[in-house]
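Single-letter residue listing:
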Amino acid sequence: MNLNQLTARQLQKKLDAKEIKPQEIISSLKQRLAESEEKVRAYVSGADFSSIPDEGLPVAIKDNICTKGLNTQCCSKILKDFKPPYDATVIKKIKEAGLSVQSAKTNMDEFAFGSSTENSFFGATHNPWDIERVPGGSSGGSAAAVAADEAIWALGSDTGGSIRQPASFCGVVGLKPTYGRVSRYGLIAFASSLDQIGPITKDVADSAWLAKIISGHDIQDATAVDIPVPDYTKALVKDVKGIKIGVPEEYFVEGLDEEVKEHILQAIELLKKLGATVKKVKLPHTQYALPVYYIIATAEASSNLARFDGVEYGFRTDSKGQSLIDMYEETRGEGFGSEAKRRIILGTYVLSHGYYEAYYLRAQKVRTLIKNDFDAVFKEFDCILTPTSPTPAFKIGEKAANPLNMYLSDIYTIPANLAGIPAISLPCGLTKKRLPVGLQILTKAFDEETLFRIAYTYEQNTSWHLEKPKL
Amino acid sequence: MAISKDTVKYVAHLARIRLKPEELDVFSVQLEEILKYMEKLNEAEVSHIPPTSHILSLKNVFRADQVRPSLDVDAVLENAPKKKDRQFSVPKVIA
Amino acid sequence: MSYECVIGLEVHAQLNTRTKAFCGCAVEFGKEPNSLTCPVCLGLPGSLPVLNQTAFEYAVKVALALGCQVQKNTKFDRKNYFYPDLPKNYQISQYDLPLSLKGSLEIESADKMKKIGITRVHLEEDAGKLIHLDDASLVDYNRAGTPLLEIVSEPDISSPLEAYDYLTVLKAILQYLGVSDCDMEKGTLRCDANISLRKTGVKTLGAKVELKNMNSFKAVKDALEYEIGRQTDLLSENKGIIQETRLWDAKKLATFSMRTKEEASDYRYFPEPDLPLFTIEDSLIEKIKGSLPELPREKSARFVKEYGLTEREVKLVIQDKDLADYFEACCKLYPKAKIINNWLIGAVSAEMNSRKLEIATLRLSAASLIELIKLVEDGSVSNLVAKDVLKEMLDSGKPAVSIIKEKGLAQISDTSQLEKIAGDVIKENGRSVQDFLAGKENALMFLVGQVMRKSGGKANPKVVQEILRGRLKNV
Chain A
439 MNLNQLTARQ
449 LQKKLDAKEI
459 KPQEIISSLK
469 QRLAESEEKV
479 RAYVSGADFS
489 SIPDEGLPVA
499 IKDNICTKGL
509 NTQCCSKILK
519 DFKPPYDATV
529 IKKIKEAGLS
539 VQSAKTNMDE
549 FAFGSSTENS
559 FFGATHNPWD
569 IERVPGGSSG
579 GSAAAVAADE
589 AIWALGSDTG
599 GSIRQPASFC
609 GVVGLKPTYG
619 RVSRYGLIAF
629 ASSLDQIGPI
639 TKDVADSAWL
649 AKIISGHDIQ
659 DATAVDIPVP
669 DYTKALVKDV
679 KGIKIGVPEE
689 YFVEGLDEEV
699 KEHILQAIEL
709 LKKLGATVKK
719 VKLPHTQYAL
729 PVYYIIATAE
739 ASSNLARFDG
749 VEYGFRTDSK
759 GQSLIDMYEE
769 TRGEGFGSEA
779 KRRIILGTYV
789 LSHGYYEAYY
799 LRAQKVRTLI
809 KNDFDAVFKE
819 FDCILTPTSP
829 TPAFKIGEKA
839 ANPLNMYLSD
849 IYTIPANLAG
859 IPAISLPCGL
869 TKKRLPVGLQ
879 ILTKAFDEET
889 LFRIAYTYEQ
899 NTSWHLEKPK
909 L
Chain B
174 MAISKDTVKY
184 VAHLARIRLK
194 PEELDVFSVQ
204 LEEILKYMEK
214 LNEAEVSHIP
224 PTSHILSLKN
234 VFRADQVRPS
244 LDVDAVLENA
254 PKKKDRQFSV
264 PKVIA
Chain C
761 MSYECVIGLE
771 VHAQLNTRTK
781 AFCGCAVEFG
791 KEPNSLTCPV
801 CLGLPGSLPV
811 LNQTAFEYAV
821 KVALALGCQV
831 QKNTKFDRKN
841 YFYPDLPKNY
851 QISQYDLPLS
861 LKGSLEIESA
871 DKMKKIGITR
881 VHLEEDAGKL
891 IHLDDASLVD
901 YNRAGTPLLE
911 IVSEPDISSP
921 LEAYDYLTVL
931 KAILQYLGVS
941 DCDMEKGTLR
951 CDANISLRKT
961 GVKTLGAKVE
971 LKNMNSFKAV
981 KDALEYEIGR
991 QTDLLSENKG
1001 IIQETRLWDA
1011 KKLATFSMRT
1021 KEEASDYRYF
1031 PEPDLPLFTI
1041 EDSLIEKIKG
1051 SLPELPREKS
1061 ARFVKEYGLT
1071 EREVKLVIQD
1081 KDLADYFEAC
1091 CKLYPKAKII
1101 NNWLIGAVSA
1111 EMNSRKLEIA
1121 TLRLSAASLI
1131 ELIKLVEDGS
1141 VSNLVAKDVL
1151 KEMLDSGKPA
1161 VSIIKEKGLA
1171 QISDTSQLEK
1181 IAGDVIKENG
1191 RSVQDFLAGK
1201 ENALMFLVGQ
1211 VMRKSGGKAN
1221 PKVVQEILRG
1231 RLKNV
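Protein chains in written order, with the working numbering: chain A, 439 to 909; chain B, 174 to 268; chain C, 761 to 1235.
Each hint should be verified, as a subset may be incorrect.
Straight-line Cα separation of at most 27 angstroms, DSSO-like style, residue types lysine-lysine; simulated pairs [to be verified]:
id, chain 1, residue 1, chain 2, residue 2
1, A, Lys-758, B, Lys-193
2, B, Lys-257, A, Lys-758
3, B, Lys-256, A, Lys-518
4, A, Lys-803, C, Lys-835
5, B, Lys-257, A, Lys-515
6, C, Lys-889, A, Lys-803
7, A, Lys-676, A, Lys-518
8, C, Lys-1049, B, Lys-232
9, B, Lys-232, A, Lys-809
10, B, Lys-256, A, Lys-758
11, C, Lys-835, B, Lys-232
12, C, Lys-889, B, Lys-255
13, C, Lys-1012, B, Lys-265
14, B, Lys-213, A, Lys-699
Calculated from the model, a selection of chain A residues having no Cβ within reach of chain B, i.e. all distances over 10 angstroms [what the hints assert, rightly or not]:
id, residue
15, Leu-444
16, Lys-521
17, Lys-533
18, Asp-568
19, Ile-569
20, Val-675
21, Val-685
22, Thr-715
23, His-723
24, Pro-828
25, Lys-837
Now the stretches of chain A that chain B is said to cover, found in silico as 3 or more residues with beta-carbon under 8 angstroms [stated by the list, open to error]:
id, segment
26, 650-664
27, 733-747
28, 762-771
29, 794-805
If you are wondering where the hints come from, they were derived from the structure by calculation, not from laboratory data.
Glycine residues also receive a C-beta, built at the ideal position from the N, C-alpha and C atoms.
Full structure from sequences and hints, please.
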């Protein structure tokens, strides 16, 4: 195996034993990039791969996480060539841990608006398992880079499934930590009450390691909770005896792909065999999660994205309109892509006079019901198991024409964001067409340890995480 | 809830986005479809349910009133599309 | 037809915390443009606000001083609108759960006490500053994010004078609390006014006009007076009042319609997701209540009691906390409160006004003022000359005694010198002498004045009077 194919933990062992030098990892990554990046396009186009730093295990960073002096463009024309004058807190933590930050950022749907990484100003990313298919999104670049061994590991962000769904489509491990576990300072906000940064890795052990590095209190983020971060790597125990697993009925309904369903049921059977108890549970308000999400997320986004106006940074229109309003409207009309415009307009609409109560306030109330559903289940159960996505990776262009159809692909991942709880997606099978299937595990807030324990036990008793795409 | 082109135009203006005529056509159809889907929420019984604006039960998060270094003005202006006299320049605001 | 006016004031006061509301940038004036900025107050992508605890406590302090109901639960909201001085294109403000509601402020206006209701006091962030050139506007974000207190009154104010008095009392309270510099010219205090007219005795309000761009308390009063005139004229011609925003032009002394906006504002308020909720515990309220300083009304009552002055006499000194403190410092050195008070509201205030200085920046220690007052009281210098001595003290920084000595300004109490002048005056003013002898007491004062004039103001008027009386008896 080439070095670029190993996990971060395997590489660190070799580095510690002085079997290899950091530069060897870099050269093996560069070699891989030369072979496969043209097909996958996991990184923002025009990125210069020569600048991967020579020291420490490199981490690939999604294009919406601020890196001082390095392009951070959210894959949008409106943030073209934006170089933040500061590092996000997670970037500082990564550097403090002795890891290095790749200067080439990973591709994403513009401002994380999407589930396919087709909505990037720099063009679509392709799924390494089938380059005619999408890698999922919005952290599709991060997931595809890890899956294609073009990165050792990566950071993504997850507002409604943007880490887990691409991890599932690309056959890698994606974690959305508890809301408040990881500082959002320096994450270019999509929906502030839902966004979390998380790791995308080749296995659960790497996920636990990177999660531990990036988690913790931050005086610059009022929502980053001040409670100690456990050593998640200590939770990597192969034992699920006595673990109570709930499987929600509402997730096994029309729209769920048969092959995906089959693999999830097999995973459940395996965990049972390993000593877990499994019961059906009810999350009765699941059907409302998607509309609630699209109201809250677009409302917050409409406000968060108001700052992109051509005044302080980013793109400003060249058009000859003379007034300030012309400058604003042209800049934003030209600078945002279709999906961004659609969501900003939707979000503006649901907050506008006369509609606030009917949409936004009602959505916040139903959000309470959804959270209550989870609270009730976690009184009795240690975790909830579901598919990550109703289908495996779909074809590029397949859902592009119908936004609502695209939104439906996040139907299983959105509830965790609404409830603020942690969730992980890990590989649990390949379809007949050799497309990865993801298993989603959810636990109560700040119980990432149980999450890692169950995920690790499952992973160590299967070999799905060892499968590689044939590129 | 039907959403007219005029409404989309008005909302786009509130959001300071100029839409091309063809975008206006497509968006009004798509937004109507999406909003129709959102109506599902009307089925939920929420009359006694408090809204969740923040999922965490965190309260009273403050910072101390202590000065931290500001950015260098060069760094502040580095990304500016247009600047003059160490300030950001915008089309004249008519007061 | 007579009309009465209904006025409500919306005051914005910058809090004088060390740092901004949501970031660690210093709050200072007159710095290089954009030098007091960081990712947070520039609204850079990815940055997040964290609330300044001192700003929050200052806001609670003001709310308590204004007798507001401090709310147990409060939150921040985003007010969304596009403007280049607003870096995020939304302002972090408070909407439906402000930190306090329903207070009041007592004013004395035209000799009557009146309670003006306070609707709410809430905390928000200030915007940056725009400079308008011929072909562009320039933005400086140094001010952006400065903590700003919004204090909204009920429409309880019924005259421009009351508005003026309300602002004076409010400013005094904020200054006593030490939370704001309250300088309208610098913009640390700003005031918008809402005014509507209605026929006397009628309950329904007329169309509301919002007045902006007043940069002094007097300008607020003038603008309201102008507006009452303008609206009364329109109403008496049976013309309607348009609900609009008008700007005060301090040069033309008139209000002008701000071009009506093409759309009604739709701020799309929603809870600020980046700031968790706030709970104001009773313990915090008790702590802050315990730390409240003596407020103007309490101080006024104490001055009346301790110094034997009337409420009216101390009113001016009370309005300025530093001046009130100065008054007390003086009284410790020289226990004649009434004389000190007269000096402070007279000669000293005149110097403060003409020099545009505060008592603290006037460079006049309590001890040196008292030295001067004592010289007047013991007859060493006349009251009239003392005012010039005060000017000289402020100009040169020299003590009163040396100025009097150097310039030979000492009061003449030496009777032989004064006898001579008095003799001359009696000779030269036969008519007045006649008048006095005929019983007109005023005539004596005229003669005293003549002696004073001849002595260059240095004569001791008491001695002059005695000499004149003595001499006139013998005429």
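To see whether the hints hold, each was checked on the structure:
1. A:Lys-758 with B:Lys-193: Distance ~17 angstroms between A:Lys-758 and B:Lys-193 Cα, so the pair holds.
2. B:Lys-257 with A:Lys-758: 19 angstroms, holds
3. B:Lys-256 with A:Lys-518: 17 angstroms, holds
4. A:Lys-803 with C:Lys-835: With a Cα-Cα distance of about 17 angstroms, the restraint between A:Lys-803 and C:Lys-835 holds, given a limit of 27 angstroms.
5. B:Lys-257 with A:Lys-515: Roughly 24 angstroms between the alpha carbons, so the hint for B:Lys-257 and A:Lys-515 holds.
6. C:Lys-889 with A:Lys-803: 39 angstroms, violated
7. A:Lys-676 with A:Lys-518: Violated. A:Lys-676 to A:Lys-518 sits at ~46 angstroms, over the 27 angstroms cutoff.
8. C:Lys-1049 with B:Lys-232: Cα-Cα ~22 angstroms, so holds.
9. B:Lys-232 with A:Lys-809: Given pair B:Lys-232, A:Lys-809 holds - Cα atoms ~19 angstroms apart, limit 27 angstroms.
10. B:Lys-256 with A:Lys-758: At roughly 18 angstroms apart (the allowed maximum being 27 angstroms), A:Lys-758 and B:Lys-256 satisfy the hint.
11. C:Lys-835 with B:Lys-232: 10 angstroms, holds
12. C:Lys-889 with B:Lys-255: 17 angstroms, holds
13. C:Lys-1012 with B:Lys-265: Between C:Lys-1012 and B:Lys-265 the Cα gap is close to 24 angstroms, so the pair holds against 27 angstroms.
14. B:Lys-213 with A:Lys-699: Holds, at about 26 angstroms.
15. Leu-444: A:Leu-444 clear of chain B: closest Cβ-Cβ about 37 angstroms, beyond 10 angstroms.
16. Lys-521: 7 angstroms, violated
17. Lys-533: 19 angstroms, holds
18. Asp-568: 28 angstroms, holds
19. Ile-569: 29 angstroms, holds
20. Val-675: The claim stands: A:Val-675 keeps its Cβ more than 10 angstroms from every Cβ of chain B (closest is about 28 angstroms).
21. Val-685: 23 angstroms, holds
22. Thr-715: Holds, because the least Cβ-Cβ distance between A:Thr-715 and chain B comes to about 29 angstroms, which exceeds 10 angstroms.
23. His-723: 7 angstroms, violated
24. Pro-828: 16 angstroms, holds
25. Lys-837: With a cut-off of 10 angstroms, A:Lys-837 remains clear of chain B, as the shortest Cβ separation is near 13 angstroms.
26. 650-664: With 4 residues close enough to chain B, the hint holds.
27. 733-747: Holds: 4 residues of the segment 733-747 of chain A have a Cβ under 8 angstroms from chain B.
28. 762-771: holds (count 9)
29. 794-805: Since 8 is at least three, the answer is holds.
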